[in-house]
Amino acid sequence: MSGIMEKYIEKLDTLDFEKMLGGDFFLTWEKTDDEIAAVFAVADALRCLRENNISPKIFDSGLGVSIFRDNSTRTRFSFASACNLLGLEVQDLDEKKSQIAHGETVRETANMISFMADVIGIRDDMYIGKGNKYMHDVVDAVTEGRRDGVLDQKPTLVNLQCDIDHPTQCMADMLHIIHEFGGVENLKGKKIAMSWAYSPSYGKPLSVPQGVIGLMTRFGMDVVLAHPEGYEVMPEVEEVARRNAAKSGGSFLKTNSMAEAFAGADIVYPKSWAPYAAMEKRTELYGKGDFAGIDALEQVLLAQNAEHKDWCCTEELMKTTRGGEALYLHCLPADINDVSCKDGEVEASVFDRYRVPLYKQASFKPYIIAAMIFLAKVKDPQAMLKALEERGAARQMLKL
Amino acid sequence: MSGIMEKYIEKLDTLDFEKMLGGDFFLTWEKTDDEIAAVFAVADALRCLRENNISPKIFDSGLGVSIFRDNSTRTRFSFASACNLLGLEVQDLDEKKSQIAHGETVRETANMISFMADVIGIRDDMYIGKGNKYMHDVVDAVTEGRRDGVLDQKPTLVNLQCDIDHPTQCMADMLHIIHEFGGVENLKGKKIAMSWAYSPSYGKPLSVPQGVIGLMTRFGMDVVLAHPEGYEVMPEVEEVARRNAAKSGGSFLKTNSMAEAFAGADIVYPKSWAPYAAMEKRTELYGKGDFAGIDALEQVLLAQNAEHKDWCCTEELMKTTRGGEALYLHCLPADINDVSCKDGEVEASVFDRYRVPLYKQASFKPYIIAAMIFLAKVKDPQAMLKALEERGAARQMLKL
Amino acid sequence: MSGIMEKYIEKLDTLDFEKMLGGDFFLTWEKTDDEIAAVFAVADALRCLRENNISPKIFDSGLGVSIFRDNSTRTRFSFASACNLLGLEVQDLDEKKSQIAHGETVRETANMISFMADVIGIRDDMYIGKGNKYMHDVVDAVTEGRRDGVLDQKPTLVNLQCDIDHPTQCMADMLHIIHEFGGVENLKGKKIAMSWAYSPSYGKPLSVPQGVIGLMTRFGMDVVLAHPEGYEVMPEVEEVARRNAAKSGGSFLKTNSMAEAFAGADIVYPKSWAPYAAMEKRTELYGKGDFAGIDALEQVLLAQNAEHKDWCCTEELMKTTRGGEALYLHCLPADINDVSCKDGEVEASVFDRYRVPLYKQASFKPYIIAAMIFLAKVKDPQAMLKALEERGAARQMLKL
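Taken in sequence, the protein lines are chains A, B and C.
Its first residue numbered 0, the first sequence is counted upward by one per residue in numbering that gives the first Met the number 0.
Its first residue numbered 0, the second sequence is counted upward by one per residue in numbering that gives the first Met the number 0.
Its first residue numbered 0, the third sequence is counted upward by one per residue in numbering that gives the first Met the number 0.
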């Protein structure tokens, strides 16, 4: 037997991740380094199986429930792909077609959709202090439901983006970096610039920059967070980044200069986001139902935004990175100058040059999600990977 | 062999249900006592298989088509769960995205969606005289389609709520009662109160109270239907209840006093519904396209409604039930005082005390739907249950 | 072994279709006669398997992505049925729920939805010069994605209707004709009338008449295209029809008389469509965002349309066909006199008499789509059909 799973199994044998069984995935910094490493190992293993036409299906039936409280293409398809790969059928909870408007509690809805659900994936990133809280409410409800004998199984929550973190995105980003640099052991001392960039739309989520500094600081890299004054992210997450950096032997620095962040960087991630303080204010106005206030705030933010059109990932800036060849990252879709808008986050020629690696970056997300599910559901992941290889069920029959 | 299916098979061996093969499920009172009992036995058997991690998948492919003409969360997820459990993929007919507005006939649509459909589940409960009729039109069309060689199989209709009955709900309610009371043989002489209760929304379907009195009268129980004057249900269904009660050795009584209904009751089901006569009038106005008339009717009904805020399931009323501990039922979501509205169907403390049994009540619906499909599709259900246990395919691979 | 696949395998053995592997299906006239014949043979074979309760599932997992830029019932269900039959789960890209409005490029979206997609089915028929172009953009993008290592597989495109052709419809129509006439060898010299007919709605797609004359001219039939002056179809497609007819030994004629087209016809296909020139103008106005212009154009077209209410498939006209018994075709839904509208494409009594064959006509579409996928994905279709029969997996377990 060729043993294509061997190296992944050997890696997993060195890691302690048994607490993931039955668990959920909210924020990367709630997981240990070993647990993060286990997700990467399983994601690579599942990809290896599929690319060798071996089915990693572990469920014969069961639902993967999705709740998208914001539009989504790539995360929706990534979740659907991950569920399908493992044997679960996606059932979307479209809150417009449901009776949730009746004033039904989260506790009740969570149980009602979970009688045959193995996974619940939620995107809820619109209001500060809301999304992650909602996910916890759902998990508390199904945990109780399981304990009380209402549910036959506790579905696993996968955070598909909240107000704090975007773990499936940032872990896919990180796995892409690991592959591009030939292994996690090659990342020590590498410089990564997570930088704000201008976009004509003002309210992009904070979860990506927060997720990036909360995760990328764990691998001994020098992480620089750059943004104009007033575009701060959540202070709690900066604190996480500082702690991570100290522990991993890397560093975490902040600057208000994009040039400083890019200088000598090995990796750059220029992306627009909204100021944390403004998002908090918006949440407060929303809570009061003050929609005129929200409109007024938006005008102020757009004006503030327009002062920073110079925050763009230009060819000139890219030349200042390590060898002029830093790895350019983006969660997509990007605002590209003269393509999706006049002034945006990145010059078209830069974006075009990195198109293939950008698409590869995105390609890891379905496997990251599948790995999160796998580790929450499978008692002995190493034995399961071995069993899947030995079963050798074809993903596509008679494929040559 | 341990034979976990044995007791269900033995039960089925005592029942005559062969006419269900190839049939449909419209109204519970169109089924014999044996057929109703067979649904319960198969629902319990399928649940037993799944809870023992044995897959009850009987289809390798095929569609379960859903048509929801009213919002739904629980029934939508129950139908999806049931189909998925048996191996069918749900395909929803969203009438907004279809060409049905072109003036296409029901007969045509029904055939067009059924080339690979094994099941069609329909919710159509908005207008008196319409929903059940529509379901029959669909079944007539696919029956003809099968006869004429258009269809390879006749899909089975499952009524997911019509204007007359809500069979998947009421059978789930009943199976819950059977489990709570330790067997159908313990129900003789038990008192169940199906009572109207106040809700700030005026137009809730009649199908639940009608379904309850049409089904619960079959088991020798004393069934009391309570509502304020003017909130009568369909007289034909009351007639069904009376006949059932006479046959089963139970009773069917009506009262305009909630207190009388609750006094000494073993089971209470307090729930809002709209007056039948008003719903008939609404249907008539709708038929004429008289939307101003509908609005005016709504105002009258809301005013009428507001006179009955005292029809609430309070702690005080619950104390008057058998030992103060009647089983409280609701199809959910309930209108809970000071939770979903100021004045509603039930006091929050009552609802909270019964939360776990209420969620369990709901958990039977996917299995009831799956059992209805199973009995319509499987030639020899006992042999199939045996075969499924013997096949022993894991619902989740290597689950411990 | 009974060998129910034998005759299909023998047929395929006589055909050269190896270039279909890995390919796409845009327009029927881009395929050779052998390739068209292979689609028919595989469609019949898959139907034979399913009707004998043998599963033709060749995928263990994988997605079939659908993009519907226009409403659809039958094509949506046909695509879902075909994917499900082969083992793929449908994931719809609802552009309203996606981030595509962000100005994302087709190239990017196409890759983002394809990480685990084996098939992409697209309906985009609204604007001349747009739909087919969009499909090519998608295919170009995923072809590049595959070449660049972004995608593990290149999904196959199935054209579910574009501005030029409606290949899954017309091939289903043709397979129906072949079955009705007892084999493709019986079609030489048969007369088929593709005729315009009046409908109160003015903007029906040209893809059906174009698809019909582009395909039906390949089988030695006498194809007549009839329409009022001003209702011309795309000249390029007429050219295709002329070339086909010359090559197949049939003929292609145009007339402005419905009576002439029907006289002695073996098959009639009366259906409304919009004038090509008007559709081009509409596309131009749309490009400029001139919605007032579009409204004005619509008024002109409706007035023009109303002059041709006499173009109706009446009993009288049907009497003039071969033996008064021509096979009546329609892609459905039809505009039926006094049923879906006052004046329409066909008299109710004609439509009713042909209802069963019309529904059968539609029943071929899921199999045509499945065959297109099968031939693009399966390296050795004959070996696969044999393997599927030998595997003998039941579509429904223990079906009698």
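There's no promise every hint is true.
[Claimed, not checked] Simulated coverage check for chain C against chain A, where a stretch passes if three residues somewhere in it have a Cβ under 8 Å from a Cβ of chain A:
| no. | segment |
| --- | --- |
| 1 | 87 to 95 |
| 2 | 230 to 239 |
| 3 | 271 to 277 |
| 4 | 370 to 378 |
Hints were generated in silico from the structure; no laboratory data involved.
Note that beta-carbon positions come from the ideal geometry of N, C-alpha and C, so glycine has one too.
Broken hints, by number: Hints 2 and 3 contradicted; others consistent.
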